[in-house]
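Colleague: Protein chains in written order, with this note's numbering: chain A, 40 to 153; chain B, 583 to 694.
Treat the hints with caution; some may be incorrect.
[To be verified] Computed from the model, here is a short list of chain A residues facing chain B with C-beta under 10 angstroms:
id	residue
1	75
2	83
3	140
4	141
To be clear, the hints were calculated from the coordinates, so they are not data collected in a lab. Don't be surprised by glycine CBs; every beta carbon is placed ideally from N, CA and C.
Okay, here's what each chain looks like letter by letter:
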Amino acid sequence: GNSVTQMEGPVTLSEEAFLTINCTYTATGYPSLFWYVQYPGEGLQLLLKATKADDKGSNKGFEATYRKETTSFHLEKGSVQVSDSAVYFCISQNSGGSNYKLTFGKGTLLTVNP
Amino acid sequence: EADIYQTPRYLVIGTGKKITLECSQTMGHDKMYWYQQDPGMELHLIHYSYGVNSTEKGDLSSESTVSRIRTEHFPLTLESARPSHTSQYLCASSEYVSYEQFFGPGTRLTVL
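My request is simple: use the sequences and hints to build the entire structure.
Modeller: In structure tokens form, the structure reads like this:
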């Protein structure tokens, strides 16, 4: 079956540091890939997505590139802020047919200190 | 901005009580989902619905039940709560199965 493996946390960084959260996937076919973010006390919200190989998703300074050859979708940000402190989930979804379900990574807790 | 609501946000109850967690969305989405989030943050799909009068069990076995009588409403019920039901419950909806899912803020349930 499908699976998503993301870097275990917690990750603690100082403000303005560079962030990378690794994510790799296994799937049949060519899934869509997402990064969702969960701020404290809230539900998940979509951060960025990519639907095919070599697509780059970007939002709020975060970027991730769909790498088919390495089956990866690593999340990066050049300069983190305290307000980026949250849990980040890498998620895959098979496209097409009736297989709609999301496959979740286990989440990575990021804490950014001033 | 997503318009999906969950009530209550926090609930503390005793063992054996019947509870209903409410979830409503105003986006007209056909697809709705319930997830259970364990303390380690991992999410598990426990129920989903493709539309009115359609409900299915998810990947994680759950003693809860759901109903979908109206498009906008997808309540989850526990007939007899137990401490093992203590968790965060997240509701989500999407326009089509392959589209982005919008999540509610969650209900944090504690069963004593």
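Colleague: Each hint needs a verdict: does it hold in this structure or not?
Modeller: Hints versus structure:
1. 75: holds (8 angstroms)
2. 83: Status holds, d = 4 angstroms.
3. 140: holds (7 angstroms)
4. 141: holds (7 angstroms)
Consistency note: the structure conflicts with none of the earlier hints.
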